[in-house]
Structures are given as C-alpha cells and as structure tokens.
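One letter stands for each residue in the lines below.
Protein chains: 2
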Amino acid sequence: VILVDGAATPLVPADDRGLAYGDGVFETMSAVDGRVPLLERHLRRMAEGAGRLGIAMPDAALWRADLARALPAQGRAVAKLVLTRGSGARGYLPTVDAAPRRIVAVDRWADRPASWWSDGIALRVCATRVGVNPALAGLKHLNRLEQVLARAEWSDASAVEGLMLDMEDRVVGGTMSNVFAVVEGALCTPPVDRAGVAGIARALIIEALGARERALTLADLSAAGELFVTNALIGAWPVATLEARRFDARAAVRAAQTAVRAAGLP
Amino acid sequence: VILVDGAATPLVPADDRGLAYGDGVFETMSAVDGRVPLLERHLRRMAEGAGRLGIAMPDAALWRADLARALPAQGRAVAKLVLTRGSGARGYLPTVDAAPRRIVAVDRWADRPASWWSDGIALRVCATRVGVNPALAGLKHLNRLEQVLARAEWSDASAVEGLMLDMEDRVVGGTMSNVFAVVEGALCTPPVDRAGVAGIARALIIEALGARERALTLADLSAAGELFVTNALIGAWPVATLEARRFDARAAVRAAQTAVRAAGLP
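Going down the list, the protein sequences come from chains A and B.
If you read the first sequence in the numbering used here, its first letter stands for residue 3, the second for the next number, and so on.
If you read the second sequence in the numbering used here, its first letter stands for residue 3, the second for the next number, and so on.
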C-alpha cells in the first residue's frame with residue numbers, strides 16, 4: 003500500500019525534489035497490529051530533520067491518518083514515511099511556495115532467522131566510507147548512496163550487516179544500523195554529529211542503559227568485550243563475529259533487547 | 003515535456019530508488035534547435051557514473067530517441083537526463099533484476115542577464131561544506147543535499163553563485179559549477195577525486211586551454227589574478243567579485259568562452 007499526499011497511488015511527480023536531489027527525510031518503522039511502536043519519537047525526529055533542511059513538517063495528524071489507512075489491522079508490517087521538499091523548479095534553490103510531499107508505504111514484514119537475535123550476526127567491514135559533514139550528520143535524509151554502495155559490496159550470506167567507517171577512520175555504524183560496543187567495561191556508541199544517523203532504537207538504548215557517546219575506531223571494536231547493532235525495525239542483534247574476531251559475551255545486548263522489546267520493537 | 007522510460011508521463015513509481023536513496027546519476031544540458039551540444043560527452047560521463055554505481059546504462063539510442071521527441075525544434079531549451087537504479091525492494095541492497103529507469107525532462111530556457119557573461123557575477127562563500135568521499139567524487143549523482151543547503155543560504159540578488167569548500171578547507175567549486183583560477187600565471191581548477199563534479203564544460207576547458215588540476219584554498223582564490231565558473235548550461239561566467247575581492251582581468255575567461263562557444267554552449 004502506498005499513499006502519496008494521502009491519495010492511494012503508487013506514483014510520484016517526476017519533478018519531485020526527493021528524486022532530483024534526495025531533498026528530504028524518511029523514517030522506517032516496524033508496525034504491529036496496526037500500531038507503530040515509538041511513532042512519537044519517529045515523528046519528532048522527522049520534524050527535527052525537516053527543520054534542519056528547511057522543509058515544513060506536515061501535521062502529525064496527517065501522518066497518523068495515512069498510517070491508519072495503510073497499515074494492516076493484524077500482524078507485523080514495515081511502514082516507511084518519506085517527506086520531500088515537493089515538486090520544484092529546476093535548480094538547487096528551494097522554491098518558497100513548494101508544498102512538501104508525504105509518502106507512506108507499507109510493506110509486508112520480512113521474517114529473519116531467530117538466531118540473529120539469540121546467537122548474533124556476522125558483521126563485515128565495508129570498504130565504502132561515509133563522508134564527514136556536520137550539516138547532514140544525524141539526519142535520516144534521502145542521500146544514501148554511500149550506504150547503497152557499501153551494501154552492494156556483498157550479496158551472499160557471509161554477513162548480515164556491514165560496518166562503515168568515516169573518512170577519518172572512525173566507526174560510523176552499520177549500513178542500516180547503529181553500533182554499540184562494550185569498551186573498558188562501559189557501553190558506548192559513536193556520536194552522530196559528524197556522520198551517521200541518530201537512530202530511534204539507539205536513543206532508546208542510550209537512555210535505558212546509560213550508554214555513552216564515544217568516538218570508536220575499528221581497533222576499539224576488535225578489542226571490545228561485546229558488540230551489537232540496533233535499528234527500529236529489528237531492535238538489537240548481537241554481533242557474533244566482526245570479520246575474524248568472535249564475541250561471546252551477551253549481557254549488554256540482552257539488556258538492550260529487554261529495553262527495546264518493552265517499547266514494542268522485535 | 004517529461005518522458006519516463008520513453009512514455010510521455012510526468013509520473014514515476016514511488017518505489018524508485020532514485021527517490022528512496024538518490025540512487026542514480028543525471029545530466030543537465032543546454033539544447034539549441036533540437037540539438038544538444040556535447041551530447042556524446044554527456045552520455046559518456048553518465049555511462050561512467052552508472053558504471054561506478056553498478057547501474058546498467060541504457061543504450062545511447064534510447065536517450066537520443068527520447069531527446070528527439072522531447073526537444074523543441076527551434077530555440078534554446080534545458081534538457082535533463084536522469085538515470086536511476088529503478089524500482090527496488092526495501093533496503094539498500096540493489097536487487098539484481100532491477101531495470102534501470104530513465105527520465106528525460108525538457109524545460110524552457112531561462113534567460114539570464116548578458117552582463118553575467120561580459121562583466122561577470124558575484125560569487126559568495128557558502129557556509130555549507132562538501133563531504134569528502136572518493137567513492138562518489140566526480141560523479142553527477144542524485145545525492146545533492148549539500149548543494150541544496152548551500153544554495154538555500156541566500157535567495158536575494160546579492161550573489162549569482164556560491165562557492166563551496168570541502169571539510170578539509172579545499173575549494174570544491176560552485177553549487178552548480180566548476181571554478182577556474184589563474185594562480186601564479188597558470189590556469190587551474192580543483193581536482194575532483196575527493197569531492198566535486200567532473201563537469202563537461204570543465205573538461206572541455208582543461209583540454210582547450212591546457213588548464214591544470216591543483217588543490218586550491220580560499221586564500222588561493224583571493225590571491226588569484228582571475229576567476230571564472232563554468233557549467234554545460236551557461237558556459238563560462240567571469241567572477242567579478244568573490245565576497246569583497248574584485249577581479250578585473252578577463253583574458254582567461256574570454257579564452258574559455260571562445261572554447262565552449264565553439265562547442266555550441268552559450
């Protein structure tokens with residue numbers, strides 16, 4: 003099911019600035035029985051992102067009405083919200099009168115092996131780097147070519163997620179997830195003020211477990227006692243292996259899973 | 003006039019990966035009397051960009067046929083070609099069977115003051131930086147939020163173009179143009195292997211005038227004897243002022259204008 007500005011259509015005008023420039027933000031969320039856990043947080047993050055880009059955020063009631071129409075009443079589903087600056091004239095300058103466009107797409111839930119939550123996943127290190135730019139850091143914006151290129155580095159089952167470093171050799175996170183590490187006994191996660199996405203599950207876990215933001219290198223991760231990745235679709239997955247390194251500890255990720263499950267995530 | 007995969011429609015499927023992730027490349031070109039100067043070069047650059055992103059480049063004959071249908075027979079127009087990875091399932095991993103999508107949009111030519119070619123333009127320095135990433139550098143890809151934010155820094159007539167620096171304080175170019183400078187008597191332009199777009203007019207001028215690639219700082223530009231900006235739509239504009247600095251020399255830009263006009267650009 004796809005709604006564009008509230009209308010049931012799978013089509014978007016070709017002059018949309020989201021398509022032309024990636025000029026917009028999005029949210030990907032898990033839904034259960036017609037409800038989206040943490041929807042308030044998702045809408046707040048979208049509003050903050052839209053504010054930083056200078057895009058007017060549609061009223062939350064519009065998003066909620068779209069979701070009520072598009073979500074199945076029963077079972078799990080994936081809901082995606084996209085907000086673009088709308089149709090625009092040629093050129094980068096945002097037109098003053100552009101009406102932002104909202105797109106709500108609901109897909110069926112893709113089942114994943116239960117072992118990814120219990121035993122963990124294989125994490126590989128991607129060659130594709132993330133450019134550093136504070137102006138865009140933290141935002142879940144539509145400029146995601148770096149993640150596409152990183153995820154295209156493998157297509158077999160050798161890894162579930164890929165780790166990305168920035169151009170300064172700092173850990174940013176997974177292609178589609180944030181990363182947490184237990185370093186010197188303390189749970190930490192990279193800051194998102196120079197690159198990366200300020201994940202909703204990440205924020206929840208920082209609050210629930212008192213995790214700290216700390217710049218991390220690949221060496222820090224290899225030396226860590228425990229590693230896990232998070233996002234709002236999957237909750238938290240232990241990292242069983244990072245390339246050749248194995249991780250056996252699971253105490254921190256169990257606490258993280260308890261926290262996100264209490265909020266309704268998988 | 004808009005053609006999507008050869009069909010006269012202004013609509014694109016909402017699951018297009020160009021919209022979802024900026025997963026694609028584009029070309030913006032000036033057309034005269036139904037013909038596009040330097041079309042060979044544009045199609046070659048698009049093919050190279052598509053190749054780097056792993057997107058299959060449609061046959062040049064398809065683009066040419068679209069342009070033949072969309073372009074007016076008389077007068078100047080702006081033609082834009084967009085190539086996306088096509089419709090995709092959820093997630094960053096490119097689907098193997100995705101058919102790339104081509105969009106051809108033709109707009110009317112926007113007249114600009116003749117003085118921008120003769121006397122020059124005001125160039126301002128943008129606060130928004132360009133992230134450094136060799137994986138994307140040089141490409142005219144659809145991730146253009148940095149340029150959008152830079153161009154949104156002003157909307158009055160105080161400047162025509164904005165200069166962007168990368169995160170390492172090097173000059174990248176204008177928001178929509180490449181920049182050339184006469185430094186120590188030699189014409190040079192920043193390399194595009196860490197950030198920036200490998201412009202078609204830029205390449206032509208490098209070849210015609212023997213310009214060299216050289217890393218440039220803002221101080222280099224202020225100390226330069228002459229400055230100009232280029233793209234395939236406008237050809238070459240002298241820079242009359244860079245913030246408070248005035249430039250009076252025009253010899254290099256006149257040579258550049260002669261070269262691009264010989265190729266059919268304005």
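Misleading hints may appear alongside valid ones.
Since the list gives no way to pick out one identical chain from another, each pair is judged satisfied if it fits inside one copy or across any two copies.
What the hints assert, rightly or not - For lysine to any residue, the following SDA-like pairs were computed, each having C-alpha atoms within a straight-line distance of at most 25 Å:
#1 K142 x E155
#2 K142 x R248
#3 K82 x A246
#4 K142 x L45
#5 K82 x R92
Derived by calculation from the structure, the hints in this document are not laboratory data.
Checking against the hints above, which ones are violated? 2 and 3
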